[in-house]
Structure formats: structure tokens, C-alpha cells
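Colleague: Since chain A is already given, all that's left is putting chain B on it; use the hints.
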Amino acid sequence: MNTFRLALRALARNKMRSALTMLGIIIGVGAVIAVVSIGQGAQYLVQQGIQAMGTNAVFISAGSNRAGGVRQGYGGVKTLTVDDMNAILQEIPLIKQAAPALSSRQQVVFGNQNWSTTITGTAPNYFDIRTWPIQAGSAFSEEEVDIAANVCVLGTTVEKILFGDQNPIGQTLRIGNLPFRVDGVLESKGQNVTGQDQDDVIFAPYTTVQRKISGITWLQFIAASAVSQEASVASVAPITSLLRERHRIRAGNDDDFLIRTQADIADLQNQTQATMTYLLGGIASVSLLVGGIGIMNIMLVSVTERTREIGVRMAVGATEDDVRRQFLVEAVTLSMMGGFIGIIFGLVGSALISNLLSWPTLISGKAIIAAVIFSAAVGIFFGYYPAHKAAQLDPIEALRYE
Amino acid sequence: MADQITIAPDPQNTVAGGKPVIRLENVFKTYDLGEIQVQALRGVSLEVREGEFVAVMGPSGSGKSTIMNILGCLDRPTKGHYYLDGVDVSGMSKTQLARIRNRKLGFVFQQFNLLSRTSALENVELPTVYAGVPPEERTKRAMEALTRVGLADRAGHHPSQLSGGQQQRVAIARGLVNRPSILLADEPTGNLDSRTSVEIMDILQTLNNEQGLTIVLVTHEPDIAQYSKRTLLFRDGKLKRDSLVTDRLVASEVLKTLPTAEEQAAEDAATEAPGPPDVPS
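Residue numbers (the working numbering), protein chains in the order written: chain A, 1 to 402; chain B, 1001 to 1281.
What the hints contain is simulated information worked out from the structure, not anything from laboratory work.
Distance ranges between label pairs, derived from CB positions: (1) B:Glu1136 to A:Arg400: 33 to 39 Å; (2) A:Glu320 to B:Glu1262: 45 to 51 Å; (3) B:Lys1256 to A:Tyr401: 35 to 41 Å; (4) B:Ser1181 to A:Val286: 54 to 60 Å; (5) B:Asp1088 to A:Glu397: 22 to 28 Å; (6) A:Arg400 to B:Lys1079: 22 to 28 Å; (7) A:Glu305 to B:Pro1020: 40 to 46 Å.
Note that the Cβ used here is the ideal one computed from N, Cα and C, for glycine as well.
Extracted from the complex, chain B is given alone in its bound form:
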């Protein structure tokens, strides 16, 4: 390979000793747009093991979205193989891929993508409907998932009655409900303010630490990538750098340093309307 790929010493062994849940073998993806052919991925090989927390980064057109689509079984490689939990899914039919997505993958999107005018509980239940789970079991599992993200008391609320952070937590619960191997998150904090973003990263880190959930996250923000354990940098359709995160951020610690919502509001109010000099800030 002509291009340099910087790999930190033994990333897999230091990060986790688990089996590979994701293995890409020389994956190519070409889009045929009539006159032009776009090569979105040009020979990507990588491995993600159980329990890892990986951030995928890169500029526009680097192939990071394409990689996520392939990892998420929403698209198939033009050439090469994708082994998910040891199974080659590269040649599977659309229906088979749908079943794989249902059983093995959880999705979290930048724009939450919850069903409107539907309760949080029903939103979380959605993947179980397509898994053919009977109604009582569905509700049980959904409530479990909501509890894991701390929203059991909001089960009946509709998205319009939830804050951005709460909606994203419902989305995470939905991603967990079928107990998948991997959670795929596409810019999960893109639509959230700074504090809420950290709260979400806190949940993801907790899920990763305590339950060993493998997480692959796409982001363009280096700050967010600092919460993960390993970064994959893409450029021009190739994996340019695969490195461990140094000086990793721990969300729960960061939260302590950030003002709470109330304190933030008070600070904003103080800065807006300058009162008499002896008012404490």
C-alpha cells in the first residue's frame, strides 16, 4: 500500500480482547452515476472487536458516510467482504440485510428520527415489531431499554413533549431494544447543545463500559471523538489513520465541570441585564 497508515502499537490488544464483531476485507464501493463513476471506498480493511468504542472521522467525500452505510448493512460493497459477527453479509439480499439490521444493529441518527405523535414507549418498541416479538414482551423490553437511558418515567410522552437530549436518549433506547451487537451512531450530538452532547456521550460511555456494547460513531467534531477509545480517519475513500485516543475524556467528569441548565440560565440572565454593582454574579 502506497499511502501511509499510522497504527498505534497493538491497538486491539490494548483496547479489548474480544472477538471481532466487524471485519472489512478490502472493501470497495463504486457509485455508477451514468457518465461518471464515483469511487467512494477504495480498498478498506479494518477490524473492530467486541467492546470497542470507535470514532469514524474525515472530511466530506472521505467515505465515512459510505463506510457507515456498509457497516449498517444499508448498502453492499461493490467488491470485498464484510464479516459481521463472523458472517459474510456482503452478498446478502435486501430482505436478509433487513433481518440482520433488526437483530444485530442499533442506529442512532443526528436528527433523532422518532415517529411523531407516538409515545416514547412505542418508538422504542419499533424494532421489536419487526422482530415478531409478542406484545407483552415488546413492552417489557422497551421499558427495560428506557430504564437504561433513564427515561422510564417519560414512557408515555410524545417527541414534541421531550427535549432534544431526551429524544436522543429515546433513540438510543430504541437502538438497544433488540440487544444488538453494535450500536451505530451518525453524528449523535449534531443537533444538541454542549451540555446535552456531553450527557449523551456519558450514556454511550456507560453502555460501553458497563455492558460491553460495541459502539461505532461518526463525527466531524474532534471534541466528541475524544470520548471514544479509537479513531479511524478516512480520506479519499481510504483509511488514513487508525489510532488509539490519548487523553480520553470521561463524560461524567466533564459534566461536573460544566454549569447545569439552571446555572447556565442564571448566568445568561445576569449577563443580559446588568444590575446594580453590588448584585452577586
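Here chain A stands alone, though its shape is the one from the complex:
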């Protein structure tokens, strides 16, 4: 466009100043693009990781979010049972295997160390469903479940606190007041999504926990594994209707359980990551604002310096609109050129950092389009006041300006 070229020529008359003015926008846009691209790379990685964990898992927990108007959560609802689990295994072929789970907090003692931790009762196939390998010893066996043996498997945090450097396998510790033999130690899983330490736990046969520790027969959740990822999603409906029937829940009432597939969890992770990315992007946008203020300042200085020039333009026939448009276009040209350079810098920057961290480099088309629109908007918004001032100059005064 003609006005665009005239604006470029006007800006080229003072290249240094134009370059410095653009710097704010370049940094702002570059930062936003880089942050969003890196964030998306991180998201992708996490997704990949979740995928690797096995997306066939289905978790059925007792107590929905809204049971009878009161939030029930763990332990509040007593209707989930081992029989439910067996029914699911029998009647829903999509589900390959399942393990029951119930927990309670207990004081655990070994020697002169004691520690308060979570005791979770479950079956041996739980570790397979959760892809949680044993690093030492072995899990308890089906027979030990049948006889409610006093055996247990330790998480690495508990192992470190109670046993330090000693070998825990075969040792006896006290859970509550009962002696338990340590059969195995699990690999470390680290923190979960909500920041809890997943290794601060002891697993024991569910029969033992039900009869000898917590005294309850109902379950807190069932961990199941479907035949495939699609099956896990497809199993939600049949499990729901089966359990509603077994629990005699009338139509219109809420479920007294909550089913989550690994896919759900992956989604949640994704959302959290995305929120983080946009939050950081938002913070980076502040520098875009600063860049805009920079443009306004420089344009104001420019208008003052070019007062005589504006007077001459008006004398030879420029209208207020002509003058306003000229300075507005100059401001927008500055901001958009800064935007484009910023996009390039941002992409290069994110590629470098991603490479350094061995992350995949993802280019967000949306972020680029947003950056272009934002730069234009910043130019129009922050360029308007100086342009207006220029247009309002009185030609006679302007021509007399020293």
C-alpha cells in the first residue's frame, strides 16, 4: 500500500530511533512466542509420558462429588465392594483385570524409627495395573491374600525413613500394633499431579487390611485395566449401569461412585499445563504493553520534532485526517515490523532452548496469529494519541515553531 511505503520512508529517515522503538515490541512478542512454544513442547512431552504409562487404566472410586448434596469423598460412601469388582470382571469383557483398594493411616514402627503413613490394602495385580514395578524382593502372592497374611510391600520413602541403608526384605515391622513381614520394595514414582509423595505408602493384602487393620469391608476404589485404550473409554457406560443396578440407585439420583479413565487424567494434566502456559504467556505480554508505551513516547517526541514538517504538510494541502493517518500508519508499521521480528526471534529462541532440553519444538500457529494481531492493535492503540496531537496542530503555529 502506498501509505505503508511512505511510512517506511519516513521511519527510514531516522533508522536508529525506529530500531530502538521497535525493541520493546520485539522483546514482548518474542517472549510470548518463546514461552508458548516451549510450554507446548512441555505439554507434548507430558502427554507422551502419560501415554507411555498405559492408557488402558480405569479407576472407580467410591463416593461421587455430589452424593446427596454433601460432598462425600473418600471413606464417606460404603457401597463399593469386592463383589462389585468381581461382578465387573465377570460381566464386562472390556475389563481385563481389576484390583480392590482401601486405605487407612497408621503408625508404623521399626526399631527406634516410627512413621505415620498410609496403609493400602490391595491385590498383587494392582502393581501391574498401575505399571509400578518392584525393585527388590517380591509382591505378596494370591495365597497370602487368601489367608490374610501379615506381609507388606514398601514405598521407597517409607523404606528410607524406617530402614535407612539396611536391607528391609524379610524384616518385621509393626503396623498399628501388628507385626508385618516386608516382602518387597517398590520403585520410586515421585510426586503425583497434586504434589503428593506417591512413595510414602505401604501395600498389604486387602484381606489383611480389611480384617485386622481398618475393620471395614467396603472399598475406597477399584483399579482396573481395560483391553485397550478405546475399551477403557467404552467401559465407562457399562460399569456405570452395572454399579447403579447393584447399588439400587434410582434414575435421576447421582452415582455413588466416580469413574475416571487414564484418558481423563491425561486431559486434566493437559489442561493444567495449558493454563500454566497461558499464564506465563500473559505475563510475557506485559512486556508487549511496555513496548506499546515506548512507541507512544517516541511518537510523541517525533511529533514535537517534526512540528515544522507537519506545518509544511498542512500548508501544501494535508488535512487533519491526512496527518493523523500518516502518524498512525507510522506507529502501526513500527509495531508490526517489531512484531514480525519478534516472532522470528521467539521461534529461534524456543528452538534453541527446546534443543538444549531435548524437547520437541512445536510452532503454535495460533500464537503467531495472535502476536500479529496484538502488534497491530498495540500500534493503533498507542499510536493514536500522538497521531491525534499531530493532526490538531495549528499550521501557522507549527510553521513558526523553532
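Modeller: Okay, now just chain B, sitting in the frame of chain A:
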């Protein structure tokens, strides 16, 4: 009217028989400065016809700058009418006046007022940009104008690469590029040395004689006014005297009597360093 206005016999008929391009009818201009009101013009009426060459003179505060602003459509009269080419422009909006300035008026300033870091050609093109002329036509017209002032070979130069006289010539070319009815010049020789001033007056006289361009010029130098054909003397916001120039100077003749730049330089050098007595001066 109480004050005397001396008018030479039939100035219009002797000067030119053209139609009136400028007609001021009882023009008043009052500036409201809050507590005080300044009456810059107090009932001015005059007429300028096509092909005239008029000099506007007067001391500070006489109203000569105000008259030029009104003639140049940069300001509007508080009372009275201004007919430019037969059209009453006194009540026009700022935008309309801008268009009038673009089409009908050319401006030449004391301080040249060229755009820096811009070629002479682009400077001359400026009025055509606001006239909406397409790019090729713009360049053509600008080159024509530069040729008329004898600077076609300097079209690509920037003002910093041009002498004062050349810059003023570029400014004149800019004033001509839209083929206006009138050229308004505000102290055009104020920033130039004696010889260059005469060169500029030569160009103006040529434009006036050969192309019939109407020229209105403001000056405080009586010498410069002698190049024009008619003088308007202002005082205290009124037109005091409207007379024809007698013993008019012809710039091209005057130039022949003045030393050229080289001769001037040689003369200066000779006077500065007195050499041995037998060196010719």
C-alpha cells in the same frame, strides 16, 4: 474612511487586465487572548488581479503576517469576506481550506521548510501526494517544476547537499507543482545572501512575466520590494498605501552588475591578504 489611502492612478489597469484572483472585502481579524483582544486587521479591502506581482510591507504588528495567513487560507477572517478565484472561502471548514491550499496556492517560506533526508524530487512531489495524483504523474510534474527553476540535474540531492539558493528554488518548484493560481512568498530572500537573493527574484520575475503567475510576497526590505510591480503598505491593521512601483528593478539586469560567486571569492581573498604592490586586484 478617516485614514488616507494613497492610490496611484488606475493601478489595476496599468498592471494587468486580468480577472481578480484575490478580493478582500472589509476583512477584520481579531485574536481573543482571554483578557485582551488583539485586532490584527481592521477593515481591509483590496483586490489582486491575475498576473500581478505584489509586495506586502509594513512594520511588526502591522498586520502583514495576518494578511498573508488569510490570503494563504491558513486562517479565517473574523468578519468580512475573502474571494479566492471568485469563491468565498471565508466560511470554509479546515478540510475544505486544506484542499484549496493544495489546488490553488503555492507557498515559499523564509526558512525553505524542505523535508530533510528527502530528495529534491520527493520534496517537490509533496503537494501532489495530497492531491491524490498517481505516482508516475507525480514524478513527471515534479520534474517539470524542477526544470522550470533550473534544478532538474539536482533532483536526487538532499537539502543538506544543496546551497541556500538551490533549496529555495526547490521550494519554489514545490510551490508550482500543482499549477496554482497564486504563489505566496513569506520573506523568500530573508536567509540568502545578496547575490542569491537577486537570483531568486529573477526566477520569480520570470515566472510572473513568462507564465503570468500571480505572486504575492511579504518583505521588510524595500530593495526586494523594488522587484515587484505593486506595493501594499500596512500599518496598525489597515492598508495604508497601495501604489505602483516606480523605477522597478529587473533582476536579470541587476545580476549582470553583481560580481559572480567566483569573482566575489577572489575579491575577498585579495582584500584579506595584501600581497606585493604589483599584484593585480
